[in-house]
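Residues per chain, in single letters:
Protein chains: 2
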Amino acid sequence: MKRFVFPGVIAACMSIGGANAQLADTLKGEAVDPDGTLHISDLSVPLSSLLSPEARSYMLHVLRDKPFSGGPTPTQDIKGYRARQDEIMNWFLKPIRERYPVNVEHKNIAGIYTYVVTPTDGVAPKNRNRVLLNVHGGGFVSGARTAALIESIPVASVEKIKVITIDYRMGPEYKFPAASEDVAAVYKEALKEYSPQHIGLYGCSAGGMLAAMSIAWFQKKHLPNPAAIGVLCASIGDLGGGDASFITGPLNGFSIPAGRAGSDGPAQFRPAYLSNVDPKNPLAYPINSPALVAQFPPTLLVTSTRGMEYSSAINSHNALMRAGVEAELHVWDGLPHAFWYNSDLPESREVYAVIARFFDRHFGK
Amino acid sequence: MKRFVFPGVIAACMSIGGANAQLADTLKGEAVDPDGTLHISDLSVPLSSLLSPEARSYMLHVLRDKPFSGGPTPTQDIKGYRARQDEIMNWFLKPIRERYPVNVEHKNIAGIYTYVVTPTDGVAPKNRNRVLLNVHGGGFVSGARTAALIESIPVASVEKIKVITIDYRMGPEYKFPAASEDVAAVYKEALKEYSPQHIGLYGCSAGGMLAAMSIAWFQKKHLPNPAAIGVLCASIGDLGGGDASFITGPLNGFSIPAGRAGSDGPAQFRPAYLSNVDPKNPLAYPINSPALVAQFPPTLLVTSTRGMEYSSAINSHNALMRAGVEAELHVWDGLPHAFWYNSDLPESREVYAVIARFFDRHFGK
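One line per chain: the protein sequences are A and B, in this order.
Here the first sequence is numbered in my numbering, starting from -14 and rising by one per residue.
Here the second sequence is numbered in my numbering, starting from -14 and rising by one per residue.
Read the hints as simulated data drawn from the structure, not as lab findings.
There are no misleading hints in this set.
If several chains are the same, the list does not tell them apart, and a pair holds so long as it fits within one copy or across any two.
In silico EDC-like cross-links for lysine to aspartate or glutamate, where the CA-CA straight-line distance does not exceed 16 Å:
#1 Lys51 <-> Glu15
#2 Lys51 <-> Asp18
#3 Lys51 <-> Asp20
#4 Lys145 <-> Asp106
#5 Lys92 <-> Asp152
#6 Lys147 <-> Glu178
#7 Lys206 <-> Glu174
#8 Lys147 <-> Asp345
#9 Lys64 <-> Glu158
Model the full assembly from the supplied sequences, consistent with the hints where possible.
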């Protein structure tokens, strides 16, 4: 009997003991194309055994109730699309405002709308001359002022630090490099008040991409690096690629039609904001330039194994490491993209703590 | 039309632009049980787009040719099983011996068989008073002297350091805690010659588990921690668990029969060596004791997204981080368990460099 096994450790796993020998007997090979494409049928995947009870409850809700569906697409009706996204964001934001008491003040910086978020009981003494800049997620099309606060409030509160969240120009109205220009404009103003070693920059999803793009833009504009950046639920290149492109859609409850497998994958991230950009342009996709990657400041990467970006995120971590950049990777199992927007989850509170500890460690003296 | 999408960032990914709107139109939901179990049919997964050409070639070979199949199970014929595993290991070892010139000397330490591996052009000056201890993979049943050299030779050569690889007692002849005792015996001898801050301990797969178990055993025996440990392609608890238990089997080309989904997963690692051990026993599965986890030295974790341990590995990283331990995680996409045994892959050479840099950073002055 031919058993399809791998080096000894796997064989040992699959064959030791009577029960496992029975299992091994029932295994059959899957169809494998000449190019290595696997055709997997009838795969049953329960919720990850490693989830907290709160995360389990959330995943059940997401998979079974599909709470984020509905509404027009951006191309059908951009106002309606944003209204629906803000509705979803506000569902996350409500408990965050209850849990994390902060002051939120509008401030116009270099002509750009920002919120300045500070904990109500004050910034920690060690953080008095430090600031974090946040750039929000939302696919470069939504999330302004809503996702922005989801990402800023817990971090401001947990780290007891001032966070300035930047309402950058987005698609479809604006195109690259508008957002990078806006981040640079706010950064230049911040540099009048804080040394670069006392400034951090972070964002989630499109915001994570934008944090990486901003480093490229700062280099181009001869601005010094901030102390560190957080590229959360994102990568320093495209969000898609790797195994995640084919696996995470199904793991979030939707099917990828058979036959769409191709090297680019079905879930390419091609927002209107980036529609005029060459995918090899390092100003938008820094991973394309090893020389640029080598210039990155210390970088935090956070991802999860049911997020479509997880392959590109771990690949970004390796690219930064190869380039000699100090890069820190944290991954959570069985959770979807941007899971940490949900403050009910202990896992999300771990992410807030990871972000806080990372910047605290990398701020200069 | 009801689209099954997630917060805005996903919606943006799936709906921006005409082509993606068409894709969104064709998406359909998958069957989801009340407990959150997904039933995925007809999933096509190509090789990861992020693989090097060498890794792509290797994965094609593994998936299509099934080069590691054949031979008896350990329970059928332990000698035959080990002979077959050694044959597989020697396939990896041959190019390693050609690429990495080392001296390999047998040395009996405290009654235990070891190899002492040193680079032929000598240990680096900074490493003269340092040593790495290796404990090999092989499911606690095989890999002695073969996997042991696969794991030791490249590291000794790349880091220019002495590596002592320990031929610890394994199943089915021996049971826990025999291997932990053997590691402790060699460690005690090493402590006569090296300060603990100049000793590192690492292993792959069963060896990674054993490195973690050894910390638990050292605590029990009031031995000081080594400078750092490497838990490679393993975790500080069980190897199984999480999404990996259900996904990685199919991603390596074998089907998990439908209906076997359960919280433990189909690929539980229950070698004869651990058959007498309570899965909650922290001496064998340290993750069960947060107090013990907090005592861990700096820990390196390496895994890959088609390895069955990847969920438990990333979970271990988070457990160590929560306990305040300095822990470093590196993940490679689309590669199987213990991929770095294959020295043809640039990814494997990245792993050797990661190991070298990690220990170099954590050795004491």
